[in-house]
Amino acid sequence: MLADVAPPPPLVESSTRFSFGLANPEWLLVGLDHRTGHWGGTLGAGTLMLASNLHGSLRYYWTERAGGPFLEAGASFLRLSSISDETPRDWKTMAFLGAGYQWVFGRFSTTLGLGFSPFPVPDSTFQSLFVSSARSLPRALLQFGYAL
Amino acid sequence: MRRTPALLLSLFLLVGCAAPFDIRPGDLDDGTRAPQSNLVSASLSDEAKQKPVVVAAHGYGATPYETSLVAEALRNRGIPVSEVALGGHGSHIREFAKTTWKTWEAPVIAEYQRLKAAGFQKVGILATSTGGALVIEAISRKAIDPVDRLVMVAPIVGFADGRAAYLMPLSYLGVSANIDPKGGSLGRWYRNRPASSVASLIDLTEIVRARLAKGIQFPETAKTLIIQSTRDKTVHPSSASIIRSGLHGGVVQVDMVDSGRHIPVWPDGASDQPWTDAEKALRETLMQQIADHFASW
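Those protein sequence lines, which keep their order, are chains X and C.
Quick note on numbering: the first sequence equals residues 1 to 148 in the working numbering.
Quick note on numbering: the second sequence equals residues 1 to 297 in the working numbering.
Please keep in mind that the hints were generated in silico from the structure rather than gathered at the bench.
Source: prediction; values computed, not measured.
Careful: at least some of the hints might be erroneous.
As the list claims (entries may be wrong) - Chain C is faced by these chain X residues, among others (derived, beta-carbon under 10 Å):
id, residue
1, S14
2, W27
3, T36
4, W39
5, A45
6, M49
7, L80
8, F130
9, L137
All C-beta atoms, glycine included, are put in the ideal place defined by N, C-alpha and C.
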């Protein structure tokens, strides 16, 4: 009888999820979202077609169980798409801080986040339209994930 | 193998089904009323070549009508003006959609170089909106010399509409930058603003910002006047100070005017909103200021 009892679910979440969604400053994004215990992180790529980015963040989850609230800090490295041969192709960096909540339903997850407006590093008078636009909005995240 | 047709269909739906252009009677978009440039490079005498002459460059999606009132005011002060139609402007909207900022810029550079080659010593530039960005770009790479007299009205390096950065993905949801020209503006501004052309405009502003960040050197004798409406809904008012920060040498004067008009020196017909007495008075003052700027050379 004891052998028929299912083992209890793990108390410490450990998962890697494929994720996609919308965010500021990551834009239309796809990536990976990993977590072990309290700590997690994301790596991904995003685009607005005229510009694209690579981004990553570090998350601290309040509990060790699946889902729940978290704090995050991250950065987005963006570059303009090559629209003409004169288009500037240097990388620009934005950092962001925020908080969020993740819901987990089996292998699926939904994550919402909000935070301070992203800020360019370093700042410049001649900032790109895409940096200025990201800075004018709060950090925001809507992300859907599927555990691999 | 079955996935390939489905993938191709998805791509077609995403990129192949562009919304048709909205072309109405009287529109510039039908390509039948292309404006002609009114150039002075071939017609002026040797005597005139020692005096100031101005090349006028209008904005995106517009025609020389945009600068026509100021051009008339300059002529009344004895200053000849070459009113240049930007490249591709006036062609059918399908053809315009294929143009880039390089196409738009080419006739302005060509007229400037023609005037210099003909022996004109004092070639100044008047530019509105995108014309300003085009001129800055050309000056930054010496296609046009850093001129001694430059006037820019609402030169664009930043957009007042915060959605500009998101236009490409939003365009798939039906968001467009199209306008509704009426009255005097019908047939003088494109109704349709193809996403490809807006993308090129954004590219131009990014290039100009990068060039300004490196600094654009003008001679110490140069005088540049930038006029910017504080309530401009097209160009972000910060564009003026950004440009000033990037132009080195000479005197750069920024005149922020209390107006909601994108170009406060437009002719009456440029907008279906009637001009108030205060706006007309401001326009007269600005035209006088612009004429004085070139006449002082």
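X/W39 as chain C interface residue, shortest Cβ-Cβ below 10 Å: 32 Å, violated
Interface hint outcome for X/S14 [beta carbon to chain C under 10 Å]: 33 Å, violated
Hint check: 10 Å Cβ-Cβ cutoff, X/W27 to chain C: 8 Å, holds
X/M49 as an interface hint toward chain C, with CB separation required under 10 Å: Since the shortest Cβ distance to chain C is 4 Å, the answer is holds.
Restraint outcome when X/L80 is required to lie within 10 Å of chain C by C-beta distance: 6 Å, holds
Chain C contact restraint on X/T36 - CB to CB distance below 10 Å: With Cβ-Cβ at 34 Å, over 10 Å, it is violated.
Hint validity - X/A45 Cβ closer than 10 Å to any chain C Cβ: At 15 Å from the nearest chain C Cβ, X/A45 fails the 10 Å test, so the hint is violated.
Residue hint X/L137, partner chain C, criterion CB-CB below 10 Å: Since chain C brings a Cβ to about 8 Å from X/L137, closer than 10 Å, the hint holds.
Interface hint for X/F130, Cβ within 10 Å of any Cβ on chain C: 5 Å, holds
In summary, the numbered hints that this structure violates are 1, 3, 4 and 5.
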